[in-house]
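A.B. asks: Sequence:
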Amino acid sequence: MKEKIINFVNDVVKEMKKVTWPTKEELKDSTVVVVVVCLILALFTYAIDMSLNQILKGIF
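Just so you know, our numbering puts 184 at position 58 of the sequence shown, and the rest follows in order with no gaps.
One should not assume that every hint holds.
[To be verified] With beta-carbon atoms standing in for the labels, derived distance ranges:
| # | residue 1 | residue 2 | range |
| --- | --- | --- | --- |
| 1 | L153 | M176 | 33 to 41 Å |
| 2 | K144 | A168 | 52 to 60 Å |
| 3 | I185 | K144 | 57 to 65 Å |
| 4 | G184 | V160 | 42 to 50 Å |
| 5 | F170 | K130 | 43 to 51 Å |
| 6 | D137 | S177 | 34 to 42 Å |
| 7 | F186 | V138 | 51 to 59 Å |
[Claimed, not checked] Distance condition first, Cα-Cα at most 30 Å in a straight line; then the derived DSS-like pairs of lysine-lysine:
| # | residue 1 | residue 2 |
| --- | --- | --- |
| 8 | K144 | K154 |
| 9 | K140 | K150 |
| 10 | K143 | K130 |
| 11 | K144 | K128 |
| 12 | K150 | K130 |
| 13 | K140 | K154 |
| 14 | K143 | K154 |
| 15 | K130 | K140 |
Because the hints were derived from the structure by calculation, they are not lab data. Only a predicted model underlies this, so the values are computations on that prediction, with no experimental measurement involved. By construction, the Cβ of each residue, glycine as well, lies at the ideal position given by its N, Cα and C atoms.
Work out the full structure, taking the sequences as your base and the hints as a guide.
C.D. replies: Structural data, given as structure tokens:
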């Protein structure tokens, strides 16, 4: 069992050395994209919610 854990940790270390990490600039750009998309989706959801609310108020 102990040998399996050691092999697993060694494999993880080997794989992590292969990872290409983003630069600071790429990370900033990606963060901006995520925030903007979240805001757009939130506004869209809000607009749909308000529209359905008005429609239901008109019906009932």
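A.B. asks: So, for every hint listed, does it hold in this structure?
C.D. replies: Going through the hints against the structure:
1. L153 with M176: 33 to 41 Å: Check passed, 35 Å falls within 33 to 41 Å.
2. K144 with A168: 52 to 60 Å: violated, 37 Å
3. I185 with K144: 57 to 65 Å: Roughly 58 Å apart at Cβ, these two residues keep to the hinted range, so it holds.
4. G184 with V160: 42 to 50 Å: Hint violated: Cβ distance 37 Å, outside 42 to 50 Å.
5. F170 with K130: 43 to 51 Å: Hint holds: Cβ distance 49 Å, inside 43 to 51 Å.
6. D137 with S177: 34 to 42 Å: With Cβ atoms ~53 Å apart, the hint is violated.
7. F186 with V138: 51 to 59 Å: holds, 58 Å
8. K144 with K154: holds, 22 Å
9. K140 with K150: holds, 24 Å
10. K143 with K130: Measuring from Cα to Cα gives roughly 20 Å; hence the hint holds.
11. K144 with K128: Roughly 25 Å between the alpha carbons, so the hint for K144 and K128 holds.
12. K150 with K130: Not satisfied, since the Cα-Cα distance of roughly 36 Å exceeds 30 Å.
13. K140 with K154: holds, 27 Å
14. K143 with K154: OK: K143 and K154 at ~23 Å, within 30 Å.
15. K130 with K140: holds, 15 Å
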